[in-house]
Structures are given as C-alpha cells and as structure tokens.
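J.: Heads up: the sequence lines are chains A and B, in that order.
Just add 51 to the spot in the first sequence (first one is 1) and you have the working numbering.
Just add 2 to the spot in the second sequence (first one is 1) and you have the working numbering.
Quick caveat, the hints were computed from the structure, so don't treat them as lab data.
None of these values were measured; they are calculated from a predicted model.
Take these hints with a grain of salt, some might be off.
To be verified - Have a look at the derived ranges for each label pair, beta carbon to beta carbon:
#	chain 1	residue 1	chain 2	residue 2	range
1	B	LEU29	A	GLY104	19 to 25 Å
2	B	GLY84	A	GLN96	29 to 35 Å
3	B	ASP64	A	SER65	46 to 52 Å
4	B	LYS19	A	ALA68	45 to 51 Å
5	A	ARG162	B	ASN58	39 to 45 Å
6	A	THR158	B	PRO71	21 to 27 Å
7	A	ALA68	B	PHE56	45 to 51 Å
8	A	THR160	B	THR113	30 to 36 Å
9	B	ALA88	A	HIS61	21 to 27 Å
10	B	THR113	A	SER121	48 to 54 Å
For every residue, glycine included, the Cβ atom is placed at its ideal position computed from N, Cα and C.
Chain by chain, the residues run as shown.
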Amino acid sequence: AQSVTQPDIHITVSEGASLELRCNYSYGATPYLFWYVQSPGQGLQLLLKYFSGDTLVQGIKGFEAEFKRSQSSFNLRKPSVHWSDAAEYFCAVGANDYKLSFGAGTTVTVRA
Amino acid sequence: DAMVIQNPRYQVTQFGKPVTLSCSQTLNHNVMYWYQQKSSQAPKLLFHYYDKDFNNEADTPDNFQSRRPNTSFCFLDIRSPGLGDAAMYLCATRGTAYEQYFGPGTRLTVT
Numbered sequence: 052a053q054s055v056t057q058p059d060i061h062i063t064v065s066e067g068a069s070l071e072l073r074c075n076y077s078y079g080a081t082p083y084l085f086w087y088v089q090s091p092g093q094g095l096q097l098l099l100k101y102f103s104g105d106t107l108v109q110g111i112k113g114f115e116a117e118f119k120r121s122q123s124s125f126n127l128r129k130p131s132v133h134w135s136d137a138a139e140y141f142c143a144v145g146a147n148d149y150k151l152s153f154g155a156g157t158t159v160t161v162r163a
Numbered sequence: 003d004a005m006v007i008q009n010p011r012y013q014v015t016q017f018g019k020p021v022t023l024s025c026s027q028t029l030n031h032n033v034m035y036w037y038q039q040k041s042s043q044a045p046k047l048l049f050h051y052y053d054k055d056f057n058n059e060a061d062t063p064d065n066f067q068s069r070r071p072n073t074s075f076c077f078l079d080i081r082s083p084g085l086g087d088a089a090m091y092l093c094a095t096r097g098t099a100y101e102q103y104f105g106p107g108t109r110l111t112v113t
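Isolated chain B (complex conformation):
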C-alpha cells in the first residue's frame, strides 16, 4: 500500500548529540510536513515543503532543521537536542483535498 514511512520508530539520543529522523512516502505528494507532538497535545507544525520550497514556522527553534533531497524523502535534523525536545515527531504528506496523511511517528527520548 502507498504510505508514509518513518524510521526509526523509537530513537534515544543523548543531551546535545545530533540526531536525524527520516521520512519517506510512496504517495508522490509534493507537500510534506514535520510535526512535533507532546503528550496529550495536538501536533505542532515545525515546517513544510512544497516541492523543494522550504517553509519554516515562525516559532520553530533554530535547533531544528530539515532536508528534502527528493520527492520521496524528508529528514528532520535536531542539532543539539535538549530534554524539552523529547516528543513524538510526525511526518505527513498532503493529498489533493488538503487532507494530510501521517506516518506512524518517531518517539524521541533524550537522556
């Protein structure tokens, strides 16, 4: 089935140690998103791509960066993770009627 895939599902990193989360999609959608979701909260948009055009949310910390080398793949880089960055990170793509399709998420733990 066409889908959004995230790897790894669980990631443990140390305080201050850079980490990269991966997302791939087989839907061939041109818009991709990265969200941060903390416990019992709605997802919070970090940034999105329209094709290769990168759009950063105003309140996304500089510590978070992203790369999209091609249509299928998108990466989230956290340069110096802090304890407050522990969260679920969700990747999504956008369909033709503005609906978004989400991956299963990566649970990031910072020790």
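Excised from the complex, chain A in its bound form:
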C-alpha cells in the first residue's frame, strides 16, 4: 500500500522569501503525485499533479514541484511567498484503486 510522509508539521516563512515543503512517498510502481492546498474552512484545491514525463511540474499560484524517483520525493516550491499562501498543504499519492493517500499536512504561516 502507498503512503506519504510530510516531515514538517509547521513552517513559518517571511513574505517574499522562498518556500519548500517536503514530501516523501512509498509506492512500488510509478506513483501519481499531487499537492493540494487548503485555506481555513475551505475544501482542498489542487495545486499540481505528476504522473509521467517531465519531473519538474508547474502548478497554479506560482508553485512548482520536482519528482525525484531516487529519493522518493515530490517537494513543493515557491520562489516568493505571498501572505495569501498561508494555508495547510497536503501531499498525496494515488494508485490504481481510485484512492489517494494523504500526508499529515504542513501548515504554512507567512509573517510580514
């Protein structure tokens, strides 16, 4: 069965600084990988996805993620954070059973 680890529970970053959120997955085959963002009281919004091809994927809101098979990682990055990026971020891995396995999430706080 697949699983996801997000090592950082909480990250604080200054507005305008870069952000990197870590995600490690466990899955026997090539995974389908996703990053979602959730603002307080809202549903999850898909930021980006990877399932094949170029290992650097671009998403919405200026985010990108890089798939590294050798490290079983799919880290999310943003070069310059805005105050509106404060939210909960979930990494997820999908398999052929229609289900997603989510990481525990990373809370991002943006300070002025």
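Given chain A, work out where chain B should sit, using these hints.
T.: The following block gives chain B in isolation, referenced to the frame of chain A:
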C-alpha cells in the same frame, strides 16, 4: 465553471438526530468520494462510488451511509450523530489522471 458543490456549508444538528449532507458535481465524473476531516488532520476517506458501485472503507462506522441516485448527486446520511462526528465533510470527484476535485465542504456541528 464546472465544479463540486456542497450544501449546506454549515450544518448544526442535535445529538442523535439524523442529518443528510448533499453534494453535486457538474464535471460528469463517474467516481465520487466522501471524506471526513477533523481539525489539523488529513481527510479520511469514508466511502466512494464508481458509478453506482458503492465501496465502503473498512473502518467507516455503520452510522454513516451514502446514496448516489445519479451521476451528478451524492448524499451522506449520518443516522445518529454523536459528538465525535463533528467535523468537516468533504465531497470529491475523480478526474482522468487520478486527481480529485474537492467541494468547499460542510462543517457539521453536533450539539
């Protein structure tokens, strides 16, 4: 815009009083999901439908049931809500690359 819609956004019910949460989608996706999410936790899958085929997670309490009368609509019924069922309930659909599209959620309060 095509989307996943959940009603109501906020629901208050009394302990033991049945409640139904609604979800509709305009994406015409054949897989739909119901998740429960408690504060500061990842969403927990309750069940999913592939078309009309219902798939229950092994640890979903019997208190939770679901109906999918057609492709567009899906309902979550909580027969006898307890205080522990207070949570955000998220509906989602599945796209062509296994990605899921979530609705805004229904916040359930049990008094």
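J.: All hints, please: hold or fail.
T.: Okay, the hints, checked on the actual structure:
1. Checking the proposed 19 to 25 Å range against LEU29(B) and GLY104(A) shows it holds: the Cβ atoms sit about 24 Å from each other.
2. For GLY84(B) paired with GLN96(A), a C-beta distance near 30 Å keeps the hint of 29 to 35 Å intact.
3. Between ASP64(B) and SER65(A) the Cβ separation comes to about 49 Å, which falls inside the hinted range of 46 to 52 Å.
4. For LYS19(B) and ALA68(A), the hinted distance range of 45 to 51 Å is satisfied, since their beta carbons lie about 49 Å from each other.
5. For the pair ARG162(A) and ASN58(B), the supplied restraint of 39 to 45 Å holds, since their beta-carbon distance comes to about 44 Å.
6. For THR158(A) and PRO71(B), the Cβ-Cβ distance of about 38 Å falls outside the hinted range of 21 to 27 Å, so the restraint is violated.
7. Hint check: ALA68(A) to PHE56(B), Cβ distance near 47 Å, so the stated range 45 to 51 Å holds.
8. Taking 30 to 36 Å as the suggested C-beta distance range, the pair THR160(A) and THR113(B) conforms, at roughly 32 Å.
9. Range check, ALA88(B) to HIS61(A): Cβ separation about 24 Å, and the 21 to 27 Å hint holds.
10. For the pair THR113(B) and SER121(A), the supplied restraint of 48 to 54 Å holds, since their beta-carbon distance comes to about 52 Å.
The earlier numbered hint that this structure contradicts is number 6, and it is the only one.
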